[in-house]
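S.K.: For reference, the chains in residue letters:
Number of protein chains: 8
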Amino acid sequence: MEPQAALQRLKGGPFRAGNLGFAQIDHHRRLRQGLGEVIFGENKTIEQILAIATEAGVGGAPVLITRLQPEKSAGLSVAFPTGRANAAARTFILHPPPPLAAGTGTPHVAIVAAGTSDLSVAEEAAEVCVAMGVPCERYYDVGVAGIHRLLQRVEALQAATALVVVAGMEGALPSVVAGLLGRPVFAVPTSVGYGASFGGVSALLAMLNSCAPGVSVVNIDNGFSAAFAACQVVRAVWAASAISP
Amino acid sequence: MEPQAALQRLKGGPFRAGNLGFAQIDHHRRLRQGLGEVIFGENKTIEQILAIATEAGVGGAPVLITRLQPEKSAGLSVAFPTGRANAAARTFILHPPPPLAAGTGTPHVAIVAAGTSDLSVAEEAAEVCVAMGVPCERYYDVGVAGIHRLLQRVEALQAATALVVVAGMEGALPSVVAGLLGRPVFAVPTSVGYGASFGGVSALLAMLNSCAPGVSVVNIDNGFSAAFAACQVVRAVWAASAISP
Amino acid sequence: MEPQAALQRLKGGPFRAGNLGFAQIDHHRRLRQGLGEVIFGENKTIEQILAIATEAGVGGAPVLITRLQPEKSAGLSVAFPTGRANAAARTFILHPPPPLAAGTGTPHVAIVAAGTSDLSVAEEAAEVCVAMGVPCERYYDVGVAGIHRLLQRVEALQAATALVVVAGMEGALPSVVAGLLGRPVFAVPTSVGYGASFGGVSALLAMLNSCAPGVSVVNIDNGFSAAFAACQVVRAVWAASAISP
Amino acid sequence: MEPQAALQRLKGGPFRAGNLGFAQIDHHRRLRQGLGEVIFGENKTIEQILAIATEAGVGGAPVLITRLQPEKSAGLSVAFPTGRANAAARTFILHPPPPLAAGTGTPHVAIVAAGTSDLSVAEEAAEVCVAMGVPCERYYDVGVAGIHRLLQRVEALQAATALVVVAGMEGALPSVVAGLLGRPVFAVPTSVGYGASFGGVSALLAMLNSCAPGVSVVNIDNGFSAAFAACQVVRAVWAASAISP
Amino acid sequence: MEPQAALQRLKGGPFRAGNLGFAQIDHHRRLRQGLGEVIFGENKTIEQILAIATEAGVGGAPVLITRLQPEKSAGLSVAFPTGRANAAARTFILHPPPPLAAGTGTPHVAIVAAGTSDLSVAEEAAEVCVAMGVPCERYYDVGVAGIHRLLQRVEALQAATALVVVAGMEGALPSVVAGLLGRPVFAVPTSVGYGASFGGVSALLAMLNSCAPGVSVVNIDNGFSAAFAACQVVRAVWAASAISP
Amino acid sequence: MEPQAALQRLKGGPFRAGNLGFAQIDHHRRLRQGLGEVIFGENKTIEQILAIATEAGVGGAPVLITRLQPEKSAGLSVAFPTGRANAAARTFILHPPPPLAAGTGTPHVAIVAAGTSDLSVAEEAAEVCVAMGVPCERYYDVGVAGIHRLLQRVEALQAATALVVVAGMEGALPSVVAGLLGRPVFAVPTSVGYGASFGGVSALLAMLNSCAPGVSVVNIDNGFSAAFAACQVVRAVWAASAISP
Amino acid sequence: MEPQAALQRLKGGPFRAGNLGFAQIDHHRRLRQGLGEVIFGENKTIEQILAIATEAGVGGAPVLITRLQPEKSAGLSVAFPTGRANAAARTFILHPPPPLAAGTGTPHVAIVAAGTSDLSVAEEAAEVCVAMGVPCERYYDVGVAGIHRLLQRVEALQAATALVVVAGMEGALPSVVAGLLGRPVFAVPTSVGYGASFGGVSALLAMLNSCAPGVSVVNIDNGFSAAFAACQVVRAVWAASAISP
Amino acid sequence: MEPQAALQRLKGGPFRAGNLGFAQIDHHRRLRQGLGEVIFGENKTIEQILAIATEAGVGGAPVLITRLQPEKSAGLSVAFPTGRANAAARTFILHPPPPLAAGTGTPHVAIVAAGTSDLSVAEEAAEVCVAMGVPCERYYDVGVAGIHRLLQRVEALQAATALVVVAGMEGALPSVVAGLLGRPVFAVPTSVGYGASFGGVSALLAMLNSCAPGVSVVNIDNGFSAAFAACQVVRAVWAASAISP
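As they're listed, the protein sequences go chains A, B, C, D, E, F, G and H.
Residue numbering for the first sequence follows my numbering, beginning at 1 and increasing consecutively.
Residue numbering for the second sequence follows my numbering, beginning at 1001 and increasing consecutively.
Residue numbering for the third sequence follows my numbering, beginning at 2001 and increasing consecutively.
Residue numbering for the fourth sequence follows my numbering, beginning at 3001 and increasing consecutively.
Residue numbering for the fifth sequence follows my numbering, beginning at 4001 and increasing consecutively.
Residue numbering for the sixth sequence follows my numbering, beginning at 5001 and increasing consecutively.
Residue numbering for the seventh sequence follows my numbering, beginning at 6001 and increasing consecutively.
Residue numbering for the eighth sequence follows my numbering, beginning at 7001 and increasing consecutively.
Hints are computed from structural coordinates only; laboratory data are not their basis.
Glycine included, each C-beta is placed from N, C-alpha and C at the ideal position.
There may be inaccurate statements among the hints.
[What the hints assert, rightly or not] Footprint (simulated), chain C over chain B, 3 or more residues, beta carbon under 8 Å:
| id | region |
| --- | --- |
| 1 | 1036-1049 |
| 2 | 1174-1185 |
| 3 | 1207-1216 |
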């Protein structure tokens, strides 16, 4: 019980950041939240990313980098050959923990996606699970316009501890899923669509208006945050039980 | 064939309106479109409604009045004791045609509603069918958060010639219905909801972004226009076949 | 009547999809809805399109591919020399059914377009009719700012079973058309315009607020879905009569 | 020519306002713009209106009061028995100039309204003409869903010097009118409608996107400003010709 | 293990609803989701509410009724004297489970509210916890404009399993809270504010754009759904451990 | 008076268009509206523009082409060496009428622009005047943040028959101008600005809410339509007087 | 210098609030910000207001209450006879400091309002100055549609240390004022207007897009916050000079 | 006192601009507002910028150029070797005043930024201070998701005379800062974010709804105007005291 208390004090302790000049690394975050530095790669140069990742990965801590253009991902693979790149997800993980299989009874995250166009966002979510060391299962291409495809997977879905549900266009999938199950559903609207989809706003609004209770929503295309929340649920289960991997 | 030709000429003929001072009655509309005058009752006085209905109903033509407050509906029932009032639908029909049962094989309209709060709009749609002499079947309380309820009705729904699908909140029902069937789906978003439902806008956007082809959408709460379109489909079938009632 | 019943059971039967890894083909859809797989080509690679089209077209079923950039269309023409490419429509049809002329009395779809800038969307609608084996007639460049052009065509338009009406900017054409005729009007707002057209939103809103009953609306630039619905109307007529081609 | 010059100097002269404590009266405005003080009555008390109107009407200048609730209008009629009240327009004119008939060849304003619900806005426009001493002609209930009604009036409309065109819902009427004529069209969207009419925004957007050149637009329900502009056109004609009444 | 399996089969079983004419009761929902029928009371009559609650509460199942006006709440207290009314929350619980204290180490929900105006929504969340038998702790009036108030409570907040964070106006509280802790934060924007708060939309957008990962958002004023999700997290912990009360 | 009558009949006569396959030329429009075909050049190929311009310019009628990219303008200058190109305005006029100087007392249009960034839209308006044979005067760089610049020009502005006022950002200039003068003001919002200018929407809204009566508004960047309306005012003056050039 | 240091430490010290059960009073705020508790009265009961005001006013500290309905203001006047009520401003000040005249050279706030309808917001701003002990001068009814009225006051306005500029409709006044002067302008959009004013949004957007530098904006109708900021400027001047009253 | 009076007269004097053909330079602005010409460089050619800067810089007046692409900045550095370029800020200052250190007690501006992505806007603000000769201090990377970072800087921040607070995404930083301090906070929303950040609109709305009084807001990414206002506050302090540098 003593190390728990120490950890507790640590979590609330003063901010101790690694100062990099153009960025301050918060080495305590992994203790507080289960995942260390996450680098939003889209508008950073490869040099900036390398510098932050190196500093943040001191001691072998996993570092997740998201929204990577292919050439930056390639650069990272050269610099960190043992890192994990996922082209569909546009992510790279420095010091990835070993991926975990979700067996029967293992607390895990289910990632459910409506269409093939939502794949990139769903895969980003899956890589967050990898970076946080949480098992996950994928359920793709089960959109509501062919409802049979989802219904065939319901029994399997019932085993999940938390769900990330990804959909664009009319964003109806989270409502249907949450109506069938009893676990928290983190809904991710995607920018898939055109015209009155308004870059994902229509899907976002549909999810916020879900008639199924327990659906909560993150920003458009934000697979990262939804998976982060789902992993926090699994980690809460681990903290209270003996089932953690 | 000759009366057909005469009718054809009549349909395209010069506008011949009954002039009432504050409203001009188009006595040709019933020939052109299958339903005579429709009176939007919400902002009209009972006196105005009585005057227009009397003029429009000359010769026994059915006249539909929509968006009626209870006291106006009561006034109409007194003035026209043989008329048909529907409190839930907030409608009154002067000179209603006899309602028709939708038997096996009879071309008819299916009216599908997600929740009990959408009832008023769904009933307005049903009364339009009555006024246009088209049989209809009701399928209520089959929202997507409890998808089993809809799936139990699919076989029955396949008999419909056209469908009016009414839903508020996330507006997902038309996508699911259209994915299961092969008939035109006229979707009606309702203003049911609060907060980010924006008075029905979220449901409207979801329906416009339906991933199921063949879903077309009308204005928020406009059960009238959706049913009108669905009845036009049935009338097109009648025009081309011998099955009309 | 027996094969009808068998077909009926088939339509409601379990989902039987061809699994392609990155896409699941629903071979039952053509039975349910009158058109098999439709591939939204804009964000897919030519390799993905070829793979899906090949799988979906097994047995000679027509496959429609939309939103094709010119180079993808060229690639498809090389791969499928008997396919049908329409550059204006940005579509390709693998295994196109023979186009059908719309003679007097033949149930058909009328495609009405306001301006020359709306041509691409209108042609997409026309190709949907080809893919579904439904005759169609084109009425182009009949916008409301020169209302005489439309009025000269009214008599011809009265022969249509259903109408697809395409317009950008103020989106007024569907109201005028629906006021003159008695058939369902499927309105397609286009993104033609600038400034306060908001990429077609103004036209969309105008159409949703149509003062003519029976106008229903699809997403901006979605000629596909409007034509799909219009063809479903013609197919409903065929199903109930002996007039089908 | 000399009084012209004097007037010209006066128009550009220093601001000379009657100070009323809670409002400053600009007695020069009538010289500059052809209409003196206009009082927006909606949120003012009857006492405030009486005080401002009395001060502004010194010397017999016409004073227009708009957006009057019935009881305020009644109060004004008691206080100013020779004033002119128009219940439909919700206006009152103190010291109204004599109304003028629009004969053949007389420069005048045409006021065109789509539906009976737009009447109030159209009548406000008509009273502005009265207050500014400009003849006007009314063309009501000529909406686009029954286009014949407008076409029958085209010849008469061609005599107008400027047009005020009032419409709610899809706001299509100004486009059709401006396409038929060669005079400036001042379009007034009205708040008539529900759901996606957004209190007149849909009509406003449609008018701003008019495909007919020469359509300019004022705020929703602002019959006053549109008529003011139209009267300025007639006054420009008067200033340059000998035809003024 | 056998009853578990039976329960599992039950959860996925066919829909078995109590049919009430105007509402269908889903008696399986409590098994699936941990809370039986929830009645949105705002637009229902007291008679409807009594009927649904009676049917849904058969066998002593807890029934939550939300958005109750005072007179309806009074009516329910008369009809069900052992029920639990919360005036601030505008809720009533028929057959309330005994409330549970959140001791050290007990999995529980923390409800954090920014200002006194957000109290009603926060209390609705608290009553959901009561209805679902989950302990909760309240942290009220800790808005970001006086950040010291929140910082004093951080240590206590770290004991929570999941958090519901309620805020109006600029909606900044969830970001600050999620940055300090490592548990899932369910953010509830409230309609508190005026002008550019747009009825809670500004707070909603701020929460969706949270720079702290793991914040997920529900509809404006939807304390119910956020608490439902938070309780599902606690229930997931219970399901995997021996700590459930 | 007889040719007047003949012209009148002509104006209302049947639509007689030159059919070009992809475009129908309305040779009557110049009679009806004072300007023949106007070609929106932005999305047309140089070949299409040349074909339409050649057909529309038959008989030496002026043809205005707007929104021209430089290379298209160059192509037109080669094809039509006597045409008039204005690079700033992005326009070309085939068969331009001789430009007219606006002397004292000559009815003319004043074009007023707030900033140097609004120049392109203002110049488009000026070219419309040239194409319609109406004199115009330019008043540029007189924005409200340095109000002295406008006040120095007031006396000159009072000579105008109608005004086109062009402004971006806060769009305040039309209100100030209309408050100083007694002629119709056609306001053009421009897309100049960033952030919350929303591509000109803020300026558009400001103009629609002008507290100065007689301001009417056209679409964002639509210098064409505003100048067209202003020229119609001048033409109305010409029609009624002997002052036309 | 020592008490300064003590004060400085106090300002940053731990939060010491008076706990009232339903509200926590921050007695340090007056030291930090120059004004103690401000009570938003609109949705609080008179009992709540009395309790908070009594607690907050301990020791004679001024307490400002805003957005008061008349009956609550009356109740406060009875309870606190020496308090200061301003009906137009809808405010009440408990323990008001003596109002200060703004003489030549005295740092003060100028409050500038466009129209008589903006009076309420402007007066709220003035009362904030009173509560904070800062002199202010009023400049009302100087809207841009009669620009002479503002120009006559420029010399007086140049004496102000900071300005609060209040305007509805097109919101142009702050731009004109800031262009003429060299002091910070705090702009307050008001909800005055109708139709496309969208409850003050149009004025808000115009102010955010001001072409005059140094204009900053607060929420719609938020005279309180603008005056608070302006008083902070005057207090910064006092802190650095010997001119404070 | 006499030169003061002369200066005063000068400030209000007639507009005396240097006319450059395509731009009018207002040489009085520096007297009125403390900063001469500011050139928005984004859409101007390097030739235009050079010409305006040369004319505006006559006599050694500082000229600020903003929103410069790198190649334009390079061109300016060649043309004006003694000028000051800031690549991060995208600015150039011709004739920069010497930068000033902000010592204890010196009135100065604090520039506070939430994240590294907001750097460009924050640096633009800093360069405005340089151009206006006002000292400033930077506080970067102190976003609310790691609130400790801000709290460590509070004591230092209390020395500032005015603050510019820059933040994107949920825009919460200004509320927290203003709650801790007693100086005017000028908030700058940035376009940092994606999806429902709507290019900075979410941050803008959050700031307008700040629950901390004294926060005023400028346009998205408008570091220039916020710093301009903050410098005006410092200049007001200078004008009233002997502390100016």
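S.K.: Taking the hints in turn, state whether each one holds.
M.R.: Each hint, compared with the structure:
1. Check on the region 1036-1049 of chain B: 1 of its residues sit with their Cβ under 8 Å from a Cβ of chain C, so the three-residue criterion for coverage is violated.
2. With 6 residues having a Cβ less than 8 Å from any Cβ of chain C, the region 1174-1185 of chain B passes the three-residue criterion, so the hint holds.
3. Counting residues of the region 1207-1216 of chain B whose C-beta lies closer than 8 Å to any C-beta of chain C gives 7; at least three are required, and the coverage claim holds.
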